[in-house]
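Undergrad: Numbering of the sequence shown is given in my numbering, commencing with residue 5 and proceeding in unit increments.
Straight line, CA to CA, 25 Å or less: simulated SDA-like cross-link-like pairs of lysine to any residue:
1. K105 / A94
2. K130 / D190
3. K105 / T267
4. K176 / Q138
5. K176 / V202
6. K105 / G205
7. K133 / A236
8. K176 / I166
9. K176 / R139
10. K130 / R160
11. K133 / G220
12. K105 / R241
13. K130 / C185
Read the hints as simulated data drawn from the structure, not as lab findings.
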Amino acid sequence: MNGAAGYACRAYAESLAEFGDVIDLPNCGGALLGQSIANATDHDAVGPYPLFACRDWSGLGADLESLADRFVCAYAVTDPFGETSSDELARAFPDLCYAYKQHYAADLSRPLDSFVDSHHRRNIRKGLKNVEIQRLFACWPTIAAWQSLYDCLIERHDIRGIARFSTTSFAKQFAVPGFDCFAAVDAEGICGMTLWYVDRGVAYYHLGAYNERGYGQAAAYAIFSTALQRFAEEGIRWAALGAGAGTTAADSGVTRFKQGWSTETRPAYLCGRILQPETYQRLSVAAPTGTTFFPAYRAPR
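Please work from the sequences and hints to get the whole structure.
TA: Given below as structure tokens:
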């Protein structure tokens, strides 16, 4: 895994160790998380949140085969910039493989003014009048400032589960190779921040959070315009901006925001492979009738 960064780096999987044991995949150079299954002694393997990435997708199938003696199944949402194809993914994950969400992407070889939405450009001007954008180092004061902002996001959107992240997890995420951070600063201090991972010519937007001052001062627009411009100046070709909220959120604010910075979309695939068919069937007996959830035994009830 020499040179691995961002989501493709083992260190990122380690930052989520509160949610499962890190499983190394030596052939492809990626990692999964081993999780216990409720009311059972069995375990399954899941891709790190929010994306599974690796260095050599051709080796993934062999890695998954090697897990059959330890895990009931494996499943993940794949990197939309992964150097693979839907056919190759389907061979590695024969039981489930479909385009789950469209992720927005920006071609940074193009001038920002040629594709950024006109509404966004108005808000960029507003934001840059109100805040100064600073690129911050990964250090404890930065982590503390980020945690304060993310606490606002947790309360605002009632974030739960793995996306809630702990301070310990964030400390590890800040140390992952390829990490980058931009903050909006007003007269009272930091009012917004975005976290990114840069890997193989792609800047992946990881997370963003703002306090009430940041929302009121259009800090998100100032941060994004500055970050994308800096990445472009540094020769980074693509910005991966993630998907909209939910699976069908064409009208959501998050979707409109990301769409306004993008030049195209790329699919992220939801993939699954049953490694122990008999155990899988036994555990799925109690699943809701007709569920298409994968794995079925984790379907909401």
